[in-house]
Structures are given as C-alpha cells and as structure tokens.
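Asks: Using the sequences and the hints, build the whole thing.
2 protein chains.
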Amino acid sequence: MKIINFKNMEAREVKEAGAVGVTIRWLISANDGAPNFAMRIFEVEPDGCTPYHQHKWEHEAFILEGKGNLVLEDKTVPLNKGDAVYVPGEENHQFKNASTENLVFLCMVPNKMI
Amino acid sequence: MKIINFKNMEAREVKEAGAVGVTIRWLISANDGAPNFAMRIFEVEPDGCTPYHQHKWEHEAFILEGKGNLVLEDKTVPLNKGDAVYVPGEENHQFKNASTENLVFLCMVPNKMI
Chain A
378 MKIINFKNME AREVKEAGAV GVTIRWLISA NDGAPNFAMR IFEVEPDGCT PYHQHKWEHE
438 AFILEGKGNL VLEDKTVPLN KGDAVYVPGE ENHQFKNAST ENLVFLCMVP NKMI
Chain B
378 MKIINFKNME AREVKEAGAV GVTIRWLISA NDGAPNFAMR IFEVEPDGCT PYHQHKWEHE
438 AFILEGKGNL VLEDKTVPLN KGDAVYVPGE ENHQFKNAST ENLVFLCMVP NKMI
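Chains as they are written, first to last, in the working numbering: chain A, 378 to 491; chain B, 378 to 491.
Calculated from the structure, these hints are not laboratory results.
Warning: the hint list may mix true and false statements.
Copies of one chain are not kept apart here, so a pair can be met inside one copy or by any two copies together.
[Unchecked claim] DSSO-like mimics (lysine-lysine), calculated; alpha carbons at most 27 Å apart, straight line:
(1) Lys473 - Lys489
(2) Lys379 - Lys473
(3) Lys452 - Lys384
(4) Lys433 - Lys384
(5) Lys452 - Lys379
(6) Lys473 - Lys452
(7) Lys444 - Lys489
(8) Lys452 - Lys392
(9) Lys444 - Lys379
Computed from a predicted model, the values in this text were never measured in an experiment.
Replies: Structure follows, in structure tokens:
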C-alpha cells in the first residue's frame with residue numbers, strides 16, 4: 378500500500394523534443410509493485426505543451442486544473458477540468474495549455490510501453 | 378479518442394453489500410476500446426463508505442475532493458485532496474468519508490479483474 382500527496386513527489390522537467398514548460402511526477406508505477414499500469418501527473422505552464430507525437434500505448438488522462446486543447450491529427454478539442462480523455466495507441470496527440478494558469482492532468486499508461 | 382466530462386456520465390448507486398452512500402461513474406473502459414485498464418470516479422456522501430473488502434486486482438486511486446480515511450487490515454490512514462493511493466490486490470480496504478462534503482476520487486482498475 379502506498380499513499381503520497383502529489384506535491385511531495387519530485388517534479389521533473391520533461392525533456393523530450395517538443396515539450397515546452399512541462400513537468401512530470403510519477404505517482405504510482407512498477408517500482409511500487411503496481412503490476413499493470415502507472416499513474417503520472419503532468420503540469421504544463423501557460424504557453425506550454427507536450428510533444429506532438431504518437432506511440433503504441435494508450436493514455437487515460439483526467440484534467441485536474443486549468444484549460445487546454447488536445448491537438449489530434451484531424452481536429453483540436455478543448456480540455457476542461459473534470460474531463461476524462463482516452464487517447465488510443467498510435468494516434469498523434471498533444472496537450473497544450475490554453476490559459477494563464479497551469480494545465481494539470483493525470484495520465485495513466487500501461488506498464489508495458491512497447 | 379474520447380473526451381467526456383465526468384459530470385455528463387451517469388452516476389450509478391453502488392449496491393454491493395457494505396456500500397453506504399456511494400455512486401460510481403465509469404469514465405473509460407473496455408467498452409471504449411481501452412485495452413488494459415479502466416477509469417472510474419466514485420463519490421461518497423458524508424457518513425458514507427465503500428465496502429470493506431478485498432479482491433485479486435489492484436486499485437490506483439487519486440483523491441479529487443474531500444477528506445476521508447482508508448481503512449486497512451492493520452491501520453487507518455487519512456485521505457486528502459491530491460493523494461495518490463495504491464492498494465495491491467488481495468489487501469482488505471475501505472474508503473470512508475470523514476467530512477461534511479462529498480469524498481470524490483478516481484479509481485483505476487485493470488480490465489482483467491480475476
């Protein structure tokens with residue numbers, strides 16, 4: 378069992394090409410014994426964004442604070458507090474801040490990111 | 378891809394024995410094509426609680442609103458907004474509200490709950 382407030386976890390800058398003003402905190406992962414999937418929290422500064430990219434694994438995200446846009450191949454959709462977001466594997470996607478406050482969201486991924 | 382605000386999803390009463398004043402909304406699941414795990418949101422009324430029980434699968438939870446307690450076999454630990462909670466499979470657990478506001482939390486589970 379593990380309980381930790383996200384504010385007590387280290388926030389690391391996301392250095393992947395295309396990331397602007399983004400930090401990640403790993404809250405629950407295989408390192409805690411979690412057998413199937415991991416929980417992370419991202420904070421995106423105003424004018425910041427995650428990389429526009431795709432990968433084989435899916436995302437399940439939940440918007441905790443702020444407003445943003447989810448950029449997809451064929452459209453851009455708004456993100457608001459309380460939104461649940463499912464991005465299937467192999468779909469291009471980008472989370473962009475669209476306000477003057479941080480965009481904060483949980484993002485779960487399977488342990489096997491292959 | 379799916380985006381939906383949790384408030385637009387149906388809240389169903391949890392009728393499992395031992396549940397008091399609890400609703401569940403399924404936000405992302407295998408029905409959406411999610412291959413590995415599911416996202417649900419629970420709301421527990423003041424004086425409410427989830428069943429004290431155990432099962433083979435794990436929980437990964439995140440406290441969105443309110444204050445509560447997580448009752449385990451050997452101890453009870455407080456739950457506050459922003460806490461990430463990992464409950465391994467086969468450990469007894471219960472989420473109890475401990476305030477006059479609703480306790481609201483996300484709870485992810487693997488699709489294969491066996």
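Asks: Please flag the earlier hints that this structure goes against, numbers listed from lowest up.
Replies: Checked against the structure, the hints that fail are numbers 4, 7, while the rest are satisfied.
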